[in-house]
Amino acid sequence: MKQKNVKRILMFAFLFLLPIAMVAQTIKGKVTDASGVSLPYMNVLVKGTSNGVTTNDSGEFSITVKSLPTTIVVSAMGYARLEVAVTNTDFLAITVQEDNVSLEEIVVIGSRNPNRSVIDSPVPIDIVDIKELAASAPQVNLNQILNFVAPSFTSNTQTISDGTDHVDPASLRGLGPDQVLVLINGKRRHTSSLINVNGTFGRGSVGTDLNAIPAAAIKRLEVLRDGAAAQYGSDAIAGVINIVLNETVNELSLAVTTGAHFSENSNGQTGGSDGETTNVSASYGLPLGENGGFITFSGDFDVREAYNRMKEWEGGIFKGYNVVERLANASNAGYSAEFLSLANGVAESTLSGVNGLPIIDNLKSFANAAGYATTATDGFAELQTILNADATTSELAARGQKRTDYNMRVGQSKVRGGRFFTNFKLPLDDNGTELYSFAGMSSRNGNSAGFYRLPSQQRTFTPAYINGFLPEINSTISDQSLAVGIKGKIGEWNVDFSNTYGKNAFDFVIGNTYNASQGNASPTTFDAGGFSFMQNTTNLDLSKFYEDTFEGFGVAFGGEHRMENYQIISGEESSYTQYQADGLPFTGIAGTTPLKDFFGRSRPGGSQVFPGFGPKNELDRARNSVAAYLDLDAKFSEEFSTTFATRYENYSDFGSTMNFKLASIYKVSDNFRIRASYNTGFRAPSLHQLNFNSTSTIFQDGVPVEVGTFANDSKAAKLLGIPQLKEETSNSFSAGFTAKLPEANLTFTVDGYVVNIADRVVYTGQFKGPGTGSELDVLLIQANASAASFFANAIDTESKGIDFVISHKANLGAKTRLKTDFSGTLSQTRQVGGINSSQILKDAGLVDTYFPETSRIFLEEAVPRTKMNLTNSLTSGKYNVFLRNVYFGKVSEATNTAANQQVFASKVVTDLSVGYKATKDLTFTVGANNLLDVSPDRAIEANRSGGRFDWSRRSQQFGVGGRFLFARVSFTLK
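Position one of the sequence shown corresponds to residue 1 (the working numbering), numbered consecutively onward.
Hints listed in this document are in silico derivations from the structure and should not be mistaken for laboratory results.
This one's a predicted model, so the numbers in the text were calculated from it and none came from an experiment.
Heads up, a few of these hints could be off.
In the EDC-like style, the derived pairs of lysine to aspartate or glutamate whose C-alpha atoms are separated by at most 20 Å in a straight line are [unchecked claim]:
1) 907 x 264
2) 768 x 853
3) 907 x 860
Ranges of calculated distance between the beta carbons of each label pair, as one might list FRET restraints [unchecked claim]:
4) 658 x 620: 29 to 39 Å
5) 924 x 637: 49 to 59 Å
6) 521 x 934: 47 to 57 Å
7) 879 x 490: 48 to 58 Å
8) 656 x 490: 26 to 36 Å
9) 658 x 67: 53 to 63 Å
Idealized CB from N, CA, C, for every residue including glycine.
Build the full structure now, drawing on both the sequences and the hints.
Next up, the structure:
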């Protein structure tokens, strides 16, 4: 009986455990590289599931699977992803190859041939692994990541430049921000709504706000360094940046980065720390369906504090009248208003409402008390002269103040913002049909300051601000985008139909400021209005690859329809209006004047630092364009292939254009290829350039000027003979080679280029009226401006240079790898030929105002012509060391005065970080950007603007922040 029970129990156990044994299988193995070195921390995942492990210090792993056969996926940064079919539980010896993404990766840009890799591309393409850089580099926003990793790319934070303080202009190959086309997953990205009209590089241009895209959402960047208007349309004169979004699923990535500037020049050059920055980023993806579908969510939030690099204001602050005003206010605040009224038509003999004496007698009494002797015969005119004497030193002491109390905020703006992106793909069948979409939204609030309004200036209404004031620009930048598409096959043709929408809006609130012409009635905070830009692009793309034609022949064609809309929204009345003493708006009618200060100077209208947009500026403009393209890619032999593209485009507001591109590559050997291309291109003037109009305060060589920007169809433009804008046209040629030395683990690419641009759009200098009551004078008065500027096709340019990239990888032991990249660009952009001005301007001798010397320097010398980057990444066990040195070439100060065009010497900036992988999920990183606290050359005395700018604010190499120390915690959960 007992034996029967035992048999029953054994049989029951066998039947119970059999399916478990059949289902639960353990796979063990070891992962090594091609040279047999064990690889720790490699990800081993059962394909299509979230079941995964990480190899240990010896490269070994053990993973339990539900059943066999199955497929496991082995992956890690720096190695090619490998799928391994497993049919039994035998110990696995898995060898993975290094990820030569820089050469072997199939890329989206440069050709519509789905089989083109970087090394086979007839045009130069850089691959930037954002995920790797985000783990080790100090920079967290996209502009700065690219600025320090791609020598041909330049972008720097600006200061005292209105809205440009909040959106960094960027350049590729030294060309303008609006001559680089940005794509996301191969689809055109909309540009910013901001047009740069202040004194910085990229003046007069409209770029794409790369900082609206979280780095956590990006898998890699593809940077095409060649003209591509024949393939992608307008803007692609310098090249194309394609942002490939993250597709990782079943992985939660979190990172917190915090840091600050620890520089000898921090806090107004007193040392310590400032400019604190914190960034929190996250990314997570979910698999969808059984065929590789996914949806990913990525975002970040950051807070960046401002920093100041101004030491001390060295100019005048107070006049004698400020002394009188202080003493009068101490007695009765009503006196100062009466004294100011004398400059606005009130008779000297008018009796004071305070003590019943004539106002002029009270003014003399306080002037005498302040130490300014007057006589019985002195009238108001004589007192204006007497009280115009400088009183800065004595008055600072009397008020218990220091010169630093009147400093500006020279440095980065304060920013607080968040970004969110999602990426989606859902296969619908086994024939390649899939729905896809990506979308993003961001919001940033910025705060920057302008020039300090001193008590002695007519810009300061001292009854409201007795000590002057520092006006602030508060911006709200919002960005939304959505792309939806479907692709699949119709017959043997690949078909892709998509629609991409994007909108960027920029709103201004001006704080701690004043409308000086409004007197006591002025508010201190103004809604100054704003602008927005919308773009909607619909694409239909068809392609087919003929394997049996030549050695392979790709055909692609398609069409595009694009709608654009640009709006300017007006602010409140007092933000843009100049007022008379009676409180009515000043219109320039004979016999009327704006409100005047004590010395009889007209007070400017509108909100100080940024006058608002008025109803006359307000507009809503739209246009559309249609395009068709043909793209052929032929591999004539194993060694030689050629691509040809042509594109026709028609714009509703200026006409049509047709461009073409021819590019070839010849494979001399398996390890050496030569390539060349020639293309024509164009850039349609943006809606911003065609329509933007406003009044803003622009400092020309340190002198504030209220400049009205007028559209080219305005009456002011016609009076000066400034023509309508037309498209820029270009032609470019590039040639180079790619090479590999497999035995030495070395790869090389070298490319030279020449880009010629005709009718380049620039922002002109400032045209002033003759002051005789002319029609131009009246137009300027109505615009609350003293000078006029325009956008114009003023010049032709030539850009030429050489780009090179050298990469090396080495194994230095069982667990140690060193990756080294040395890249650089040597470039030059220059004006060719004369200035394309009208006969009216030539007759008036105003050609040099049409394209002034400052504009030439912004174009040719304001960003480094030479830039080189040497990056080393050393991985050893749980440690990673990242060392980068970036060489920034010389730049010149942008000023109209030739003697003050200072040349700033080249500099080298060093970044260093050390990472420690505490566990398979947790990594700590500490490091520095600009480790040695290198600063640009200090400005010469003539360019310091009385101590405001010890370093140039117009010509930037790498910024003036100095050493930045950071710490980062990264967490990955699989």
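Whether the CB-CB distance between residue 658 and residue 67 falls inside 53 to 63 Å: Roughly 60 Å apart at Cβ, these two residues keep to the hinted range, so it holds.
20 Å limit on alpha-carbon distance, applied to hinted pair residue 768 and residue 853: At roughly 17 Å apart (the allowed maximum being 20 Å), residue 853 and residue 768 satisfy the hint.
Whether the CB-CB distance between residue 656 and residue 490 falls inside 26 to 36 Å: With Cβ atoms ~29 Å apart, the hint holds.
49 to 59 Å as the expected CB spacing between residue 637 and residue 924, which holds or is violated: 53 Å, holds
Range agreement (Cβ of residue 620 with Cβ of residue 658, hint 29 to 39 Å): 31 Å, holds
Agreement of residue 907 and residue 264 with the hint, judged by alpha carbon distance not exceeding 20 Å: Status holds; Cα separation ~17 Å.
20 Å limit on alpha-carbon distance, applied to hinted pair residue 907 and residue 860: 19 Å, holds
Residue 879 versus residue 490 beta-carbon gap, inside 48 to 58 Å or not: 53 Å, holds
Cβ separation of residue 521 and residue 934, checked against the hinted range 47 to 57 Å: At roughly 50 Å between Cβ atoms, residue 934 and residue 521 fall inside 47 to 57 Å, so the hint holds.
When held up to the earlier numbered hints, the structure conflicts with none and fits them all.
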